Every structure is written in C-alpha cells, then in structure tokens.
Amino acid sequence: MEYSSFNHTLLSFLQDSPTPFHATDSMRQALTNAGFIELLEEDSWVIDEGGKYFVTRNDSSLIAFTSPQLDFHQSGWRMIGAHTDSPCLKLKPNAHVQRHGHHQLGVEVYGGVLLHTWLDRDLSIAGRVSYKNQDGDISSRLVDFKDPIAVVPNLAIHLNRKANEAFSVNPQNEILPILCGAENTFDLQLLLKTQIEKQHPDAKVATILDFELSLYDTQKPSLVGLHQEYICSARLDNLLSCFVGMQALLDSDNQRPSLLICTDHEEIGSLSACGANGPFLEDVLRRLSPNPEQYVQAMQRSMLVSADNAHALHPNYASMHDANHAPMINQGAVIKINANQRYATNSETASVYRDIAAEENYTVQSFVVRSDMACGSTIGPITSGEIGVPTIDIGLPTFGMHSIRELAGSHDAHGLYKVLARFTKRAKLIAR
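Just so you know, UniProt numbering puts 398 at position 398 of the sequence shown, and the rest follows in order with no gaps.
Hints are computed from structural coordinates only; laboratory data are not their basis.
Mixed in with the good hints there might be a few duds.
Unchecked claim - Simulated crosslink set (DSS-like; lysine-lysine; CA at most 27 Å straight-line):
{"hint": "1", "residue 1": "220", "residue 2": "146"}
{"hint": "2", "residue 1": "146", "residue 2": "193"}
{"hint": "3", "residue 1": "92", "residue 2": "146"}
{"hint": "4", "residue 1": "52", "residue 2": "193"}
{"hint": "5", "residue 1": "92", "residue 2": "204"}
{"hint": "6", "residue 1": "220", "residue 2": "198"}
Quantities reported herein were computed from a predicted structural model and do not represent experimental measurements.
Modelling step: build the complete structure from the supplied sequences, incorporating the hints.
Dropping the structure here:
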C-alpha cells in the first residue's frame, strides 16, 4: 500500500475504533474482506493448507494467521504482536451521579492516564452492552454514541491561582464528566436501550443487564504539521501498531506461516483470559501444533516482533532521554532494549530486524531508558516468557504517550509496515 493511501486508511481505522471492542471489530471486517475465515474457539477446527484464518476472544482480542503449509514445526511462525487497549476513563457500574444541578457519570481510571488532558474535551461514549432480549436470551452489542455528549470542564484560573505552578486532578471527585443539567431527566438504562435499538434494529432489547463503556475524545484523527508529517490521534498507543501489523499480514505473500496477535489489557498488566499474560495465544498455537515436541520446535523456529510505541525525544524535554538513545520522529522505528528484561530484545532478534530493515532501506533507532529512571514494559517479555518464542520489542517514536491525543510520524508508520510485510516473507531467521 502506498504512503498516502496507507495513512488515510489508518486515520479511518483510528476513527472507527474508540474501544478495544471496536478495534477488534474493525480488524474482523478488514480480515473478512481480505478472505480470512473466522474460527470459533468452541468449535472443532479444520485448517487447510493455504488457508487464512482469524479468531477472537472476549470481542477485544484477535489472532489472525496464514497457513501456506501445515508443517509449522519445520517452518516456524513470523509473529507480530500489539495490544488493542489504551488508557481511558471507564464508566462505573452505578455510573449516574447527580450533584449541584448536573447529571454526571462516575468513572474509573483505566491504565496510566494523563488525566489533565481529558479536561475541556468533547467526549462521547462507546463500548459493549449486554442485555436480555425479548426471547429471553442474553446477548451483547457494541454501541458508539459518536456525538459529543459529555465534557469535564476545567476549573478557572481565578479559582485556582496556582494552576500553572502545580496542578493535579483527583480521579474520584474532579474528573466526572457532565452530561446535562438536573432540570432534565436522565436514565442510563433507557439511554443504552435506545442506542442499541438505533444501531441494531434487530436487537429486540428487553432488559439492559450490564455494560463495559468508555469515554473517548470525538476529535477526529488527522495529519498535522506544515508538511503533514505527523499523525495526531487518540489511542495511537497501541492501535497504530495493530493497524501496521494487520496491513503487513494482509500484504504477506502467504509463503511463510504468519500470525498477528492483538490482545487487550496491556495497559493494566495483561493478566486476563484475553491478555498477553493469559492463555489465548498458547491455546491457538497448541491447536495448530498439538504434538508437544513439534510445538516446541515451532516456537524455536519462530520470531515475534512485539510492536508498541516508543518515547520520542521531545524538544522541550530533551533531558528526559539518554543522549545516545533518543529516538526522533520520522527517522525510523525504535528497537527497545533493557538489561533487566523489561523488553525482550536480544542481540539475535535485533540483528534479524536490522537486516530486514536494511533490505527496505529503512532507518533503525535504539531506545534505552535513562539509568536513573524506571523502565516501562509491554507484551514482548510476557509473551516470550509464556511460550518461549525469540522476541524483539520495537515501537514507533511518539510524543505525549497516554495523553488523550498522541503524536507520531506518518513516515514512520508506513515504513514499519513495509519492514513487517517483508518480515512475514522471511525464509530464514537465525542460523543454528
């Protein structure tokens, strides 16, 4: 896919994916349109040579793979990993709060949110709602209100004279969005029922039972900068990598077994049935290689590229980086390295990636956190530790990670897509 088409398709994907549920559904649609067959975990699987398949779990995690040949223990897998979730504000179960003349929503902070960036934004609500239908069955549907229906107003500087000196947001009391004035009636159950019936006329909702709903910024993703060299959007961490990985898989030549895994709950540790620290990937791989010895052989002939965002050198905060490991936006994806295994990169996996990038004439950068700062982590060490696959952690340089709107390079995203597409076609990884 050429540069302009790639980035405009990316912007549409980001716009259509306000939650992990919607991101997974967006990928489901793209894969289905490309001829991939959906598998259900509760069914018996018949995998054909030359086939293309995908499976989801919890509606928020997805694994897609190609099977050009079925001797996976001989060929190994070319794996790309990312995560579908992003830091956000989630509605509490008893979300309705009425105080001081306003209807508001009680919210819980999900992940490492930069809370102040959620102030004064035009917010909407999206997620999954579970209900009993008129036939007595329990079902779930995705909803997205799309319109800006909520806002968290800032406190005027006249009432907080030290706002520009030291400012914090109390997540219990000061981040509750306002929906409308108390002179209006508000019934959350009725609102959700009406929204489901609006989006899904066949739903026949009888009773709303529960929900998993998040707030999100309605401002559209965009290409910004004097030469439109930046991508500005919510949820670049890590839907950017999900999209890049999916496009690489779609453009693979189906000559080597390739696999994309996009899991939920990375921002809170990945320990869940559908997270990287859960059994989802291993469950799928063992169904494809049921012989225990052949499963191990397959893993040791495989490699995982764990793609998550990386901290770009911010020109206003340059001292926050190690001077020799300060990635620049639009100068290539970043190999992330940590001596204490917060990243899973080793010299061999890094060498494979560098070699593939060189074949694409794509620049490679390196990131090591300052020695006097704590290092973050991602799905790479978790997945490598779970299934034993050689792994590299990479990321696209990003400003404002975990802000409600993040900034990355448009050339970086397209370049990484080309490298990962070449990775899926790689015949040999590491010689033994």
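Hint check results:
1. 220 x 146: Holds - the C-alpha atoms of residue 146 and residue 220 are around 11 Å apart, at most 27 Å.
2. 146 x 193: 16 Å, holds
3. 92 x 146: 20 Å, holds
4. 52 x 193: The hint is violated at about 37 Å.
5. 92 x 204: Holds: residue 92 and residue 204 sit about 25 Å apart, inside 27 Å.
6. 220 x 198: Satisfied, since the Cα-Cα distance of roughly 23 Å is no more than 27 Å.
Hint 4 from the earlier list is the only one contradicted by this structure; the remaining hints agree with it.
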